[in-house]
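S.K.: If you want the building blocks of each chain, they are given just below.
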Amino acid sequence: MKKTKRVLALMLAASMSLGLAACGGGGDTTQSPTGGNNSTPSGGASGDTVELTLWTYPVGTFADNLDATIEAFNKVHPEISITYETIDYQNGDTKVTSAIQGGTTPDLIFEGPERLVGNWGRSGVMVDLSDLWAEDAASDIADGVKNASQLDGKYYMYPLSVTAHSMAINYEVFEAAGALQYIDEETRTWTTDNFVKALEAVKTAIDNGTVNVITPGIVYCGGQGGDQGTRALVNNLYSGYFTNEDGTAYTADSEQNVKALELLQTLVSEGKLDGNTAFVASDELQAFANQTCAMTFCWNYSNYVSYAEQTQFTPYVMAFPSDDGVPELEMGIYGLGIFDNGDQAKIDAAKEFIRFVCNDQTQATECIKQTGFFPVHENFGDVYAGTDEEETKAPFALMSTYTGRFYNLTPGWTEQRTNWWNMLQKIFGGTDVKTAVDEYVSASNANIK
Amino acid sequence: MAQNAVATASKKPKKEKRSQFSGMSKALVRRETISAYLFLLPSLIFFIGFVVLPMIMCLVYSFMDMGLGESGTFAGLSNYVRMFQDPTFIQGFWNTVLIVVVAVPTVTAFSLWVGSAIYQMKPFTRSFFRCIFYLPVVTGTVAVTVVWKWIFNVYYGVLNQVLGTNQNWLGDEKTAIWCIIMILFTTSIGQPIVLYVAALGNVDQSLVEAAQVDGATKLQVFWKIKWPQIMPTTLYILVITTINSFQCFALIQLLTSGGPNGSTNTIMYYIFDMVYRYNDFGYANAMGVILAIIIAIFSAIQFKFAKTDNG
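First to last, the sequence lines map onto chains F and W.
Residue numbering for the first sequence follows this note's numbering, beginning at 324 and increasing consecutively.
Residue numbering for the second sequence follows this note's numbering, beginning at 6 and increasing consecutively.
Be a bit skeptical, because a hint or two may be false.
Covered, in the sense of this in silico footprint (three residues per stretch, anywhere, with C-beta under 8 Å from a C-beta of chain F), are these stretches of chain W [stated by the list, open to error]:
| id | stretch |
| --- | --- |
| 1 | 155-168 |
| 2 | 175-182 |
| 3 | 267-280 |
With a straight-line cut-off of 16 Å between C-alpha atoms, the simulated EDC-like cross-links for lysine to aspartate or glutamate are [what the hints assert, rightly or not]:
| id | chain 1 | residue 1 | chain 2 | residue 2 |
| --- | --- | --- | --- | --- |
| 4 | F | K582 | F | D761 |
| 5 | F | K477 | F | E437 |
| 6 | W | K154 | F | D606 |
| 7 | F | K520 | F | D411 |
| 8 | F | K772 | W | D285 |
| 9 | F | K469 | F | E437 |
| 10 | F | K477 | F | E458 |
| 11 | F | K418 | W | D278 |
| 12 | W | K229 | W | D219 |
Anything over 10 Å on all C-beta distances counts as not near chain F; from chain W, calculated [to be verified]:
| id | residue |
| --- | --- |
| 13 | R36 |
| 14 | L45 |
| 15 | L49 |
| 16 | L73 |
| 17 | E75 |
| 18 | G81 |
| 19 | T111 |
| 20 | T113 |
| 21 | S121 |
| 22 | Q125 |
| 23 | V142 |
| 24 | F310 |
None of these hints come from the bench; they were simulated from the model.
The structure presented is a predicted model; accordingly, all values stated were derived computationally and were not measured.
All residues carry an ideal CB built from backbone N, CA and C; glycine is no exception.
Using the sequences provided together with the hints, build the complete structure.
M.R.: Here you go:
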């Protein structure tokens, strides 16, 4: 009896662990997705009504305005009802992965090509949208965006808006530190040499007590999102590339990238930058907003809006510094994809919604403004012209002219992101740059199948 | 002879039970049996659906090579072999062991000390302390983590302000895991303290008084009278704290994401990483199986050392 009890107790202990692993890990204490909503004219399934579900990541205020978007859509298509839910970047991927495994994915999802194409498209769970791309409406979309929406000739995303990820400086701090002389205010660019001089000027101003920030800048490497900022910083410093041209290998070990990482390591060791292994991008953004640091490497219009109320200074948009003063910024594309749930009626209805949101000029203009970015349709022109936002949008529009090669669909992308953070952590922890970079490249290239 | 007497005595209740049932009509017995099963059914369905089935699925998947949206292919023992060649898993294993080895004894000892100190206090004071120590348990992990993150912040954190240091507590390989252990400690002591207060309150006072009359010291009273009586509670606390420490996940995800340099990576976090970042379900399940075995071994050791019949 005593033995039986012990065995039962051990089985219980084991089951607690096994159960958790099989269920996919304890997400019980992480933040839950924010509100869901239902905007349907008929209030549910009836007769010929097709019911769709839409999940959206928080891109600008796109999700906040979905009620109005769906209402406008229902005026044209009353036979399609749409329920939506906002998922966040912290737990969204977990939720989608669980849904894929459990067969409970939504019909539509709004995000970028890294997830829609590179991850879920590659896994074969998305619908090929080639027919949408073959329509006349798609003819004015730039080739760069078009290429980023497809994989091996199959299109898993239809884009709505595009932006360039940039950085920003605290204008007043730079002014007080005498560092404005190192930036080109007209083109919002700077050279690597001038970037270093600007850091020195801000550091001196901090040491003298002239400015009230703690560090000139924080290179965050705690993990999770915002990796595009650190990638762009490294790649631009000496005009290196993240992958080779045909996207078959990660090239952080190129001479230019190693030189860039060595420069960053030196700047960190001299206190001109802080390599913070405990900070994630949102921590760095918060530190920028509350004037702990004088620059952020993770800036775009969406973040500008998110931190607008907290920033008691001018967050001045800048391109990443480069040795030749010609930056190549990473493109951020946002659009819709359809999960293949095997129901053709739903797939057709979802395509109608995509056409309405992305191609109908009146509605698409509204939705583009909600994302805070810029149209992918060249024929739409400047959607902010004549609006109150025209002035604030101008520098972000300027950044869009600096977009470079889109390499985010390279196989093994998800795995390399984790490796990238580990590499930065090692470098800022004092490991030899070449050793850390070689480890990163070797581990990341091993995942390219 | 004496053994036979004990054996006969132990058989008696069974006989009585049988005779009890034999006195009932067959229809009544059947009805009662059906009722009993019906009452058990909801729990049984829940147990099978949410415990037994996932356990079996976990075991089956651990022998498969499975990616996102794939039904998987049989991979034999390759996931298990890979695990013992994977430096990240090995690092995670040792980090997990460190957390368990440090957190479990300290949580148990501290809870016992606090429990002993407050269980004889006036009801209001006792409740006050119980509330204080239980507060981190009922506060959401996310909220607790945000506060700790602020305390440990390198630039404006309270800890650096108080100590006059400039230490990146969560960003330094040497300190990050100790920060995790400390937070785990504060969030784990609430329940054991409440349990110890209750257990110590239930200790037979007549035995305590008798020992005191016989001249036993306070230490002797504790070790000879109280300790054996609170042993079942201690065993429960040890097992639960061990399991919680092995499964420490949310703190790590929210504070360090396993970094810096994998210094706070644990098996549990690595399982999560494998599922949701690498979509390697087979490998994740194999690690789940190994984690379960490790927990079972630790629990068995605790049962062995506790040497109790009440477990």
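S.K.: So, for every hint listed, does it hold in this structure?
M.R.: These are the hints, each one checked on the structure:
1. 155-168: n = 4 at 8 Å, threshold three: holds.
2. 175-182: holds (count 5)
3. 267-280: Contact hint for the stretch 267-280 of chain W vs chain F: holds, 6 residues under 8 Å.
4. K582(F) x D761(F): Holds - the C-alpha atoms of D761(F) and K582(F) are around 13 Å apart, at most 16 Å.
5. K477(F) x E437(F): holds (15 Å)
6. K154(W) x D606(F): Answer holds: K154(W) to D606(F) is near 10 Å, not above 16 Å.
7. K520(F) x D411(F): violated (38 Å)
8. K772(F) x D285(W): Answer holds: K772(F) to D285(W) is near 15 Å, not above 16 Å.
9. K469(F) x E437(F): holds (14 Å)
10. K477(F) x E458(F): This hinted pair holds, its Cα atoms lying about 15 Å apart.
11. K418(F) x D278(W): holds (14 Å)
12. K229(W) x D219(W): Holds: K229(W) and D219(W) sit about 13 Å apart, inside 16 Å.
13. R36: holds (29 Å)
14. L45: holds (16 Å)
15. L49: Answer for L49(W): holds, closest chain F Cβ roughly 14 Å.
16. L73: violated (4 Å)
17. E75: It is violated; E75(W) is separated from chain F by about 8 Å at its closest Cβ, not greater than 10 Å.
18. G81: Correct as stated: the minimum Cβ-Cβ distance to chain F is 19 Å, above 10 Å.
19. T111: holds (21 Å)
20. T113: Per Cβ check, T113(W) is outside 10 Å of chain F; nearest 16 Å; holds.
21. S121: Holds, since 26 Å exceeds 10 Å.
22. Q125: holds (31 Å)
23. V142: Answer for V142(W): holds, closest chain F Cβ roughly 12 Å.
24. F310: holds (13 Å)
The earlier numbered hints that this structure contradicts are 7, 16 and 17.
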